Amino acid sequence: PRHNSYASKSTVTLASQHPRLPFATTSTSMPVRNSSSSSSAYTSFARTTEPEQMTTIDRTTKPQENKSKTTMFSPDKSVITHRVVHTTHGGYTNGNRGIGHIFGIDEMPKVLQPKHGFSSVKNPNQVREDIDLETSKHSKKLAFKIRHVLTPEEADAVWRISDQVGYTDFLADYNTPPGMRQNVVMCFIDDGAFTDAVFQRIKDDLPQEIDGRKLVGLSRRWNAGKYVKGRQFTPHIDGDMTGHRLTEDKKGIRSYAGDKVHTKLSALFYLNDYKHDGLVGGGTKIFKGDHPDGSSQHYYEQQPEKGTAIFFRHGIPGSRLGNEGSVMHAGSKNLGDTPKLMVRVDVLYEAEPEDNFARRRCSWMDFDD
1 PRHNSYASKS
11 TVTLASQHPR
21 LPFATTSTSM
31 PVRNSSSSSS
41 AYTSFARTTE
51 PEQMTTIDRT
61 TKPQENKSKT
71 TMFSPDKSVI
81 THRVVHTTHG
91 GYTNGNRGIG
101 HIFGIDEMPK
111 VLQPKHGFSS
121 VKNPNQVRED
131 IDLETSKHSK
141 KLAFKIRHVL
151 TPEEADAVWR
161 ISDQVGYTDF
171 LADYNTPPGM
181 RQNVVMCFID
191 DGAFTDAVFQ
201 RIKDDLPQEI
211 DGRKLVGLSR
221 RWNAGKYVKG
231 RQFTPHIDGD
241 MTGHRLTEDK
251 KGIRSYAGDK
261 VHTKLSALFY
271 LNDYKHDGLV
281 GGGTKIFKGD
291 HPDGSSQHYY
301 EQQPEKGTAI
311 FFRHGIPGSR
321 LGNEGSVMHA
331 GSKNLGDTPK
341 LMVRVDVLYE
351 AEPEDNFARR
361 RCSWMDFDD
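Sequential numbering from 1 applies to the sequence shown in the UniProt record's numbering.
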C-alpha cells in the first residue's frame, strides 16, 4: 500500500520504524490522539488504500471550487495566468487519496512583483512577538509571530492568485484523516522573485540556526487555504519537506537544493481578518506545555490579522523526519459568513543527506539536485 505525502516508489511505514508514532501512516500532518476517549477519532486512518479508491483530477480543467465567494479588495485586477507544473498524489478532506496538481504562476500580480515596486525591505511597523509556550527549560519548542509582513493590498493580491486559479478539496502531497483538514486549497510555486523578497523582509526576525543548522530561505511552494463557515483544522503537527522550486524551464518542479536543505518551521500568513473583512473566528490555537494533546484547553490563540504570519516548529516527533520541538496547533472554526483566507510556506535550513534519508524512502517521486 502507499502511504501519504509525496507518493512512493519505495514504501515505508513510519510506525514500524518509530514505535512512538501512534498510527501506521507517513502522513506529513500527524493526527493527535484524543486522550479523553479510549479509541482515537483517527484510528480508521491506519489502513491501506485500494487502487479503486484513488481519484484523478482532470489536469485540463480548472479545479472544482467551493462556490463561496469573497469580495476582492485589491485594486490590481490583472488576470493571473498559470499552468500545471506537477501532477502528484495527495488527499481529500474525507481521507481518500487521489491525484492532482501543483500550479506554476506565469506572472504574479503587479503589486507582488519586485520590478513593479514589491520591496524586499522590512515594513516600518513589522515586529516579531514571541509566544510563551510554557515549556520546560530544555524544551526545543518554538512559536512566534511577525506582524505586518504584508500590507493589506499585498495580502489581497496573494489571495487573488488562489481565487483565480481555483480552490479544490484536493491537497497535493499530503493526506490527512477524515475530517481533520476541512478547508479547500490551492498549491502554487512562484519563480522565486516574490518568495525571496518576502524572505528578505523577515530573515532578521527568524532563528538564524535551529539544531545547529543555518537558515537558508523559504520554500517557493505556497499552500493557500480557505475556510468557509463551520470549517476548521483539528489538532495536528505539520510535517516537514525538502523544499520546492520551479525547474529552469518553469515547466516542472524540483527540490530546492537536493539534500542540502530541509524545512523546520511552518509560516502561516493571514490574508484577511475581523477588522478589515468581517471574519468571525478562525484563529490559530498553539498548544502550550511539553506534551499537550488534542483535548488540552491550555493554548495561545492567535486571531487572524491581515498580513501577519505565525511561525512554529514542525516535523513528526521521535522520527528522523522531525524533532522534539514540534508544536501542536489547530485552526479554530470559522463562525461567520466571511471565509478565512490564509497561506502556508515553509522555512528552510541547512541539512545533511541523512536528514532527508527517511523522506526519500517514503517519497512517491524523486527530486533531482
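Simulated from the structure, these hints should not be mistaken for laboratory data.
Errors might be hidden in some of the hints.
Stated by the list, open to error - Under the rule of at most 27 Å between Cα atoms (straight-line distance), these lysine-lysine pairs were calculated in the DSSO-like manner:
#1 140 x 229
#2 250 x 115
#3 137 x 229
#4 229 x 285
Stated by the list, open to error - Computed Cβ-Cβ distance ranges for the label pairs, DEER-style:
#5 335 x 116: 18 to 28 Å
#6 79 x 192: 32 to 42 Å
#7 83 x 130: 35 to 45 Å
Small disclaimer: the values here were computed from a predicted structure and weren't measured.
Idealized CB from N, CA, C, for every residue including glycine.
Here's how the hints hold up against the structure:
1. 140 x 229: violated (35 Å)
2. 250 x 115: holds (19 Å)
3. 137 x 229: violated (40 Å)
4. 229 x 285: Holds, at roughly 18 Å.
5. 335 x 116: 18 to 28 Å: violated (37 Å)
6. 79 x 192: 32 to 42 Å: violated (22 Å)
7. 83 x 130: 35 to 45 Å: Between residue 83 and residue 130, where Cβ atoms are some 40 Å apart, the hint holds.
Against the hints set out earlier in the document, violations occur for numbers 1, 3, 5, 6.
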